[in-house]
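A.B. asks: So the protein sequences, as listed, match chains A and C. Heads up, the first sequence is in our numbering, so the first residue is 1 and it goes up one at a time. Heads up, the second sequence is in our numbering, so the first residue is 289 and it goes up one at a time.
It cannot be assumed that every hint is accurate.
[What the hints assert, rightly or not] Mimicking SDA-like on lysine to any residue, the simulated pairs with C-alpha atoms at most 20 Å apart in a straight line are:
#1 C:292 with A:5
#2 A:24 with A:157
#3 A:24 with C:289
Simulated from the structure, these hints should not be mistaken for laboratory data.
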Amino acid sequence: MHPFDYVAATSVDQVNSVLAEHGKRARPLVGGTDLLVQLRGGRFELDVVVDIKGVPEANVLDLNGSLKMGSAVSCATVYENEAISAAFPGLMDAAELIGGIQIQSRASMAGNLCNSTPSGDTIGPMIVHGGQVNIVSSSGSRTVAVEDFCTGPGRNVLEDGEWVLDITFPAPSSSFGAAYERFIPRNEMDIAVAGAASSLTLDGSGNISEAKVSLAAVGPTPVTVGAIGDLLEGKTPTAENFEAAGKIAYDAVSPISDMRGTIEQRRHLSGVLTRRTLAKAAERAKAG
Amino acid sequence: MVDKIHVKTTINGLPQEFLVDPFMSLLETLRDVLNLTGTKEGCNDGNCGACTVVLDGRIVDSCCVLGAEIEGKTVETIEGMAGPDGLHPLQQAFLEEAALQCGICTPGFLVSAKALLEREPEADEHRIRYWLAGNLCRCTGYDKIIKAVQKVQA
């Protein structure tokens, strides 16, 4: 492994300046559960890792209707917060099932996003919860929707010197529900063969006013299926309508066959998990 | 070449001070710098939990932590588990229930199980199995490990 230096940053400016100085040769560190493993495996070389867990702004976890989640906040910190778990059930589903307790204790959702694997469990839930990524650098800041963040397997919109400071989610209405499920051969501690995150909002008469579905591990990036929203809007949250949504998901995905699953299995799972997570999101929406 | 980093920390309740290469994992630091070889290396990539330690109250895979990261923090390892009066009840139960064969995974299981029982003394079997899912054992088939944890609860 190429020897790298370690900087325990305590301010946003300090992170910006290290990343500005080293460009591609530096990266932020939170949980280390991807970064350190990749460095050890020789996936790439760095001269510096910048630990951002000591940066106060990266540790913000502020629920005030909307939710602001700093990029260093661990998954365990999120799901141990009952108010956040109740208001953002899709995020809770994913935070509770990613890795094991050891991984959840360290890994952050922003880290999962920046790692940008198509199977990242928290990315779809952040998409259907409408997450907006606050990207900062020494030259300023910009906001990108979680939905637009990943550009390919392991690739994303971050330019040299840029990093994620926090992710903000709009306040869910009382008739909003979301859910995430994945298929793995074990019960825990595995990488999704396929996953689905769904959210929907019901109007005063119980019809669907908005629906979003984003699928994991079935394309080069998370696959957000806009056609499902178009299909479901104005309709009732029934098993038949969710079945039809599942059929759209089946056709919308572009999976590969690999050691975890085949193309056909992943298409099938996309349909099933879409149907199930829409139904669970609807139950949660009705429960308020 | 990068310079070593000076780290001051607390391990198993005792203050520790050492120099470490900035790229060295906490696992390597414990074993090769501090001679705390009770913590085991299994996969070295965050899957098996053999290297589990408690960092500021949370269990972590020490292979996925840098030694330099523990500056100012508290770490608990398997070496801190037995007290002056002998084995920790979990260690005793693992012996009595034969909850180990080769033993490589055992320190990680003990550290994880202790953390669970401190947080959730009444954890049911499902919860115990879920909590210990980040610890892999290729010998026992897990049932004996679960029984040993439950024996301590009884």
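A.B. asks: Of the numbered hints stated earlier in the document, which are not met by this structure?
C.D. replies: none
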